[in-house]
Amino acid sequence: AQSVTQLDSHVSVSEGTPVLLRCNYSSSYSPSLFWYVQHPNKGLQLLLKYTSAATLVKGINGFEAEFKKSETSFHLTKPSAHMSDAAEYFCVVSDRRRSYIPTFGRGTSLIVHP
Amino acid sequence: DGGITQSPKYLFRKEGQNVTLSCEQNLNHDAMYWYRQDPGQGLRLIYYSQIVNDFQKGDIAEGYSVSREKKESFPLTVTSAQKNPTAFYLCASSIFSGGDSYNEQFFGPGTRLTVL
Chain R
1 AQSVTQLDSH VSVSEGTPVL LRCNYSSSYS PSLFWYVQHP NKGLQLLLKY
51 TSAATLVKGI NGFEAEFKKS ETSFHLTKPS AHMSDAAEYF CVVSDRRRSY
101 IPTFGRGTSL IVHP
Chain C
115 DGGITQSPKY LFRKEGQNVT LSCEQNLNHD AMYWYRQDPG QGLRLIYYSQ
165 IVNDFQKGDI AEGYSVSREK KESFPLTVTS AQKNPTAFYL CASSIFSGGD
215 SYNEQFFGPG TRLTVL
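Going line by line, the protein sequences match chains R and C. Mapping of the first sequence onto my numbering: residues 1 to 114, in sequence order. Mapping of the second sequence onto my numbering: residues 115 to 230, in sequence order.
In isolation and in its complexed conformation, chain C is listed as follows:
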């Protein structure tokens, strides 16, 4: 089955610790995205990557970091600098058309991070 997997589904961490969320896709998509979802806020873009070894900051990148060493993988690290990390995190992927059109995003099931 083609799709996007995120692991783990639930994650608990102590304040001050860095934590890495996994996102893997086998759709052969070039573009991948990380979103943060808070109640009543919709989805806010953290980082996105349109090609391997390149990524761009989204609207709320502070306190987060990413890497894109492989086409299939786009892990997100929530660092201790992120002031309010407790949230639902969604990963998505899409075909990339060179930035001249929008292509449907496919979403993973999400990871709920709780910082104690």
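Same shape as in the complex, but just chain R:
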């Protein structure tokens, strides 16, 4: 069965420093992987998606993620954090075993200090 583990419930960085949010997945099939962002009391917005094309995926707001099959990872990175990046981030996996109904990770809260 597909599953996704976000390795950190909270990540704290200073403004201007790099961001790393970690995600490992489990899937018996070629998965599609996604990162969504949620600001407080709002809906989710797609940041980026991997669907078996290039393994390095670029998203909105300077975020990117690299699909590493050997490590079953899909970590989200950004070179320089901005105060507006403070939010909840969700890693999502989807594969054909579950008719592509997505499975969400538990989320990582990104805290950005001035």
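Derived from the structure by calculation, the hints contain no laboratory data. Don't take each hint at face value.
Incomplete in silico selection of chain C near chain R, CB under 7 Å [stated by the list, open to error]: (1) ASP152; (2) PRO153; (3) GLY156; (4) LEU157; (5) PHE221; (6) PRO223; (7) GLY224.
Rough simulated footprint, nothing fancy, chain C against chain R, three-plus residues with beta-carbon under 8 Å [claimed, not checked]: (8) 44 to 53; (9) 94 to 107.
All values derive from a computational prediction rather than experimental measurement. Just so you know, even glycine gets a beta-carbon here, dropped at the ideal spot from N, CA and C.
Since the structure of chain R is already known, use the hints to place chain C on it.
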């Protein structure tokens, strides 16, 4: 503007009462979803519908019911059988490709339900 609307944003109900949450989309999407969000739990799927007049249970359907009489609308009823209904509820929609691929989900702003 195309998008998904959920109403109301905040909802208070007494224990034992049924309550219906609204979700409307004008994106012409076939598929619609309801999720429940609790702190530290991520999003858990309650129900989903891939076509009008059809819907499927998700991972936590007990105590909830839905209908899909129109493509644009997918209301969720939280019944008195739901033991812990206080949560943030999110509705989403997507293009449906016949179950052979994933398509990006678009989310509404959510409804925060508090049962007193």
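Going down the list of hints, with the structure as the test:
The beta carbon of ASP152/C comes no nearer than 10 Å to any beta carbon in chain R, farther than 7 Å, and the hint placing it at the interface is violated. The beta carbon of PRO153/C comes no nearer than 9 Å to any beta carbon in chain R, farther than 7 Å, and the hint placing it at the interface is violated. A hinted interface residue such as GLY156/C counts as satisfied when its beta carbon comes closer than 7 Å to some beta carbon of chain R; here the least separation is about 4 Å, so the hint holds. Interface restraint check: LEU157/C against chain R, minimum CB-CB distance 4 Å, threshold 7 Å, status holds.
Proximity of PHE221/C to chain R holds as hinted, the smallest CB-CB distance being about 3 Å (cut-off 7 Å). Because the smallest distance between the Cβ of PRO223/C and any Cβ of chain R comes to about 5 Å, under 7 Å, the interface hint for this residue holds. Because the beta carbon of GLY224/C sits about 6 Å from the nearest beta carbon in chain R, less than 7 Å, this interface hint is met. Counting residues of the segment 44 to 53 of chain R whose C-beta lies closer than 8 Å to any C-beta of chain C gives 5; at least three are required, and the coverage claim holds.
With 10 residues having a Cβ less than 8 Å from any Cβ of chain C, the segment 94 to 107 of chain R passes the three-residue criterion, so the hint holds.
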